[in-house]
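A.B. asks: Take these sequences, add in the hints, and give me the full structure.
For the protein sequence lines, the chains are A and B, in the order given. For the first sequence, counting from 1, position 58 maps to 58 in this note's numbering; every step adds exactly one. If you want this note's numbering, it's the position in the second sequence, counting the first as 1, plus 1000.
It should be emphasised that the hints constitute simulated quantities derived from the structure, not laboratory data. Think of the CB as a built atom: it goes at the ideal place given N, C-alpha and C, for glycine as much as any other residue. Some clues are possibly wrong.
Ranges between beta-carbon positions, derived for each pair [unchecked claim]:
#1 G1624(B) to A58(A): 18 to 24 Å
#2 E114(A) to G1624(B): 35 to 41 Å
#3 A58(A) to P1590(B): 39 to 45 Å
#4 A1583(B) to D298(A): 47 to 53 Å
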Amino acid sequence: MPLLLLLSCAEPFEVSRHDLGPFRVAAVGVAEGVLRAEVWSGQGMGHASAPTLQWYVADELLGEGHAVLAPAQGVEVVLVATSAGGEVAEARFTSRERPDRLGFERLAVESDEELSRESRLSWPAQPLQGSAEADGVVRFQVLGSSYPGAVRWMTAGGYGTLLELDADSGDAFASEIVFSEEQELLSREELGPTMTHHLALALDGEGGNDWIWLDAAFGLDQPLLRHRGRLLPVEAQVDAGLVAVTLEKTNDLDGLMYLDALAVEDLSEQDALDCAPPDEPFLLVWVSSGRCSLDELDGARVVLETW
Amino acid sequence: MILALVGLGWSAELEGVVRERGTGDPLPNALVQVGELSTATDLRGRFSLEVPDGAVTIEVFAPDHEAFVWSTELPLDEPMQVFLPRAEPTHEIVVEAELEQPHVSAQVLDKERVQKAPGNFDDPVRLLQSLPGVATTPEYSPTAGAVVLRGAAPAESRTFLDGVEIPYLFHFQQYSSVFHTGLLDGMAMYPSTFGAMYGNTMGGVVEASSSRPDPAKLHGGATLNMIMGGAWVTAPVGDSGGMSMSARRSFYDVLGFDDAQYTLWPRFYDYLGRWDQDLAQGTHHLALTAFGAGDHYARYLGDTAVLDPLERDVADEYTYDRAFHAITLRVDSSLDRAQLRSSAAFVRDRWGGEAGSATQELLEHYAWFRHDALIGESDATFRWALGAQLKPEWLGAASDIQRSLPELDVEAPLFSRGLPVDEGLRRVQAGAYVEPRITLGSLDIHPGLRLDGDSLAGLSVDPRLMLRYEPLDRLRLRAAAGRYSQAPELLELSPTVGDPGLGIGYADQVAGGVDWAAFGRLELGVDGWAKRVHDAVVVEPGKAPRAVDGHAWGVELTTRYRMRELFFAWASLSFGRAWRDGAPFDFDQPITLNVVASWDFLPHWNVGVRYRYATGLPYTPALGGRYLGDTDAYEMMPGLTNSARLPNYSKADVHLERAIELRRFTVTGYLEGWFVPPSANGMYVVYSYDYSQSALVSGPVFFPIVGARLDL
Chain A
1 MPLLLLLSCA
11 EPFEVSRHDL
21 GPFRVAAVGV
31 AEGVLRAEVW
41 SGQGMGHASA
51 PTLQWYVADE
61 LLGEGHAVLA
71 PAQGVEVVLV
81 ATSAGGEVAE
91 ARFTSRERPD
101 RLGFERLAVE
111 SDEELSRESR
121 LSWPAQPLQG
131 SAEADGVVRF
141 QVLGSSYPGA
151 VRWMTAGGYG
161 TLLELDADSG
171 DAFASEIVFS
181 EEQELLSREE
191 LGPTMTHHLA
201 LALDGEGGND
211 WIWLDAAFGL
221 DQPLLRHRGR
231 LLPVEAQVDA
241 GLVAVTLEKT
251 NDLDGLMYLD
261 ALAVEDLSEQ
271 DALDCAPPDE
281 PFLLVWVSSG
291 RCSLDELDGA
301 RVVLETW
Chain B
1001 MILALVGLGW
1011 SAELEGVVRE
1021 RGTGDPLPNA
1031 LVQVGELSTA
1041 TDLRGRFSLE
1051 VPDGAVTIEV
1061 FAPDHEAFVW
1071 STELPLDEPM
1081 QVFLPRAEPT
1091 HEIVVEAELE
1101 QPHVSAQVLD
1111 KERVQKAPGN
1121 FDDPVRLLQS
1131 LPGVATTPEY
1141 SPTAGAVVLR
1151 GAAPAESRTF
1161 LDGVEIPYLF
1171 HFQQYSSVFH
1181 TGLLDGMAMY
1191 PSTFGAMYGN
1201 TMGGVVEASS
1211 SRPDPAKLHG
1221 GATLNMIMGG
1231 AWVTAPVGDS
1241 GGMSMSARRS
1251 FYDVLGFDDA
1261 QYTLWPRFYD
1271 YLGRWDQDLA
1281 QGTHHLALTA
1291 FGAGDHYARY
1301 LGDTAVLDPL
1311 ERDVADEYTY
1321 DRAFHAITLR
1331 VDSSLDRAQL
1341 RSSAAFVRDR
1351 WGGEAGSATQ
1361 ELLEHYAWFR
1371 HDALIGESDA
1381 TFRWALGAQL
1391 KPEWLGAASD
1401 IQRSLPELDV
1411 EAPLFSRGLP
1421 VDEGLRRVQA
1431 GAYVEPRITL
1441 GSLDIHPGLR
1451 LDGDSLAGLS
1461 VDPRLMLRYE
1471 PLDRLRLRAA
1481 AGRYSQAPEL
1491 LELSPTVGDP
1501 GLGIGYADQV
1511 AGGVDWAAFG
1521 RLELGVDGWA
1531 KRVHDAVVVE
1541 PGKAPRAVDG
1551 HAWGVELTTR
1561 YRMRELFFAW
1571 ASLSFGRAWR
1581 DGAPFDFDQP
1591 ITLNVVASWD
1601 FLPHWNVGVR
1611 YRYATGLPYT
1621 PALGGRYLGD
1631 TDAYEMMPGL
1641 TNSARLPNYS
1651 KADVHLERAI
1661 ELRRFTVTGY
1671 LEGWFVPPSA
1681 NGMYVVYSYD
1691 YSQSALVSGP
1701 VFFPIVGARL
1711 DL
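C.D. replies: Put into structure tokens, the structure is as follows:
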């Protein structure tokens, strides 16, 4: 009887689709004819040692690493990602160029205590350049008309909370928010001044995928460099454009600190790295995806494109 | 004697009627005694007696009923109404191997006899899974209500109501059967090696029958419990006719419970109407029956445990909507040397569903024509059972789904398959059989031959043989063997979602048994069976159907004990194994144990206990999950097929019942409770979103249910 369904129970799982926890493939796709994968390290926004990526088509090895050319459109591709610690994650998808490159807007929201979706839809929002209030809410609006389904959100390390608003938007909180299965608010614990990282993934349902990391800062006084969706705390305000920073490995969720930020005219200050082309500005997505390891980047000076 | 009273004083006509308390049935031949004067009631329970006025003691006696004694003053102002309680409660027998069935392995459920069995919730059909040879599935689990007879998949067995195959037997997750048991006459189960009269079935047969109206009086009743409520009535019409009607509906959706999984609570209903008419002084009997059932609910797709609470606002729902309706016409004829039965039926079964913006609809219609004859006198050495069937069938299958939803494999076959389809399928199935029934003293020999044809799948020839021998008065030996063929379901032959190349599968079956009435009230039975299955169709979630082979065997021990009709105990212990495609069968259950005891410990009071134990059902464990980049989902990476098992299942049911007999009706209230040890309560395994973790979903350890029924 229905009451019995209510009484049926199972132990809750320690992993959640919404939280990037243990080592896993978070997204796969094709961009500019190259196979690419977002492999979550299981530790933070970077990999201490780079994972191994092996791409297969019909059980035949197509190539290894982050620069493998995609097969023809519509071909099924299998990725086997192996962490330095031996963890294995597999993914299967259809080779298809991403139909559109995702954009985004970051908004500050005037919030109240009621967290239902209906309530949040009525919250006024305005563009946000830097950090929100420590107990505030940051709203992300993902821009990309070629993806018919809802954006899929994941939160790095399960640190902070992201609540979906509609198909393209989500609200980030510097809080650990717990709801019951009946959607009642059970607890809300503020994290204080901090930064949270969220991965927004858009799918066209046929393998054409794109994703973007979006950072939300709460109550931070430091200047923030804006690099795509990322926010990089630096010691002093720097003009937007090309900015050279020295990377220093940390043991926290962020994985890196950005030191000695300096506006530059070209890439001459950028160190030569095996994992990155010397003639392009450095991309932080190469860190999160595992193309460049934290050990390799520790102490390196790179040039980032900011705005 | 009356004349002798005249002259002693004023006398008066003492009139009245004697009825049974609780049912209101008139009691004919009851003795009404006033001093030395007495009379007997007529067929309508009426009596009339000339008695002198004054103080008298009136006594009324009827067989099997308590006496009525009343001291009063005559004359009375109005006729007497005397209601006699039954002297002993109605005895009950949980289950009996039916002696008269022309099948070697048969178990018969009699409604009157099982109504008080624990764990039924007033629905005797729910006792089906406690019979030997039937797999036990955890109640309210995804497999609840699956009728698995001697290692046969649910789709390999057939369920009939009044001779017409019905699409499904139980409402949502076995909450109740699909017909009001107020009108259920009985139910028989033939788990294997049945006679030639049944075809297109490689498993077993469940045959339910509705009751004929009582030609003498109106009966009726109402039932209400925590699942559903309903009512039924039967009444004579004219001198040779009668009608019956019943209807039930669940009510949880009306109460509007809030739940994480269901957006619309399961609601279901069923109905049955029947018209009976005797023709030609009872030589022929016509029965026109209409019945149907429907189930409807809506739930979130996916496991709500992994859905963000606010994400549910935009999550897809799945809506289940299935209903069948049937109308049947049956004519039974009792001739001097033959029993004939002709029936025709038309069945409509619509199976709809919505998942997000996608829809599925399976709309099946089939007609059913059947003629059976048993020729020869009942005590003849040689009789002939023969018959023929014809079943034209139409199926419309439509779905615009673009991806597979394997989690809906039980609830929506087209969504599980995941392919868009819009097609119409039709076929004709025909069958004929002949079964000479030879009786040589205490030896019965029933050789049979059955021919079946399917316009899409081909022809089959099934030889069968049954032997029954009673060398001693209390000893009976049984044996049977035969071939049992079955065509694929029509949807399985679909060019789009099925495989038109599938052919007729078959099972070669053998069974034998011994029944021994050991010490009067103690009966013992032993059955052994085995079968080898060829080209049985299996449909795995999200995949096209395919044919596999398999084999199964089992041994069933049964014992029954009865004492003074007040106490009854019954137990069965089954051992068996079943394999399909080289792996344990989905319902492979090496050990099942059922114990039922029922005791009328006081007049109108009954207490019963049922205990069930069964080896946990097998399942295929996940080795992990593979990320699907096209949908941001995971697919399970399965381990060896059915290489893991749920915990062994055990469950105890207790039933306490009190009947209150009023003048014209009886009200019965009952309380049931179950206890399932926490370690034996696993219903199914669920996985985390990425199949990296698993957990066992457990049902409640203890649950009570209360209900009542009213019988006119």
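A.B. asks: So, for every hint listed, does it hold in this structure?
C.D. replies: Cross-check of the supplied hints:
no.	hint	result
1	G1624(B) to A58(A): 18 to 24 Å	holds (22 Å)
2	E114(A) to G1624(B): 35 to 41 Å	holds (40 Å)
3	A58(A) to P1590(B): 39 to 45 Å	holds (41 Å)
4	A1583(B) to D298(A): 47 to 53 Å	holds (52 Å)
The earlier numbered hints are all upheld by this structure, with none contradicted.
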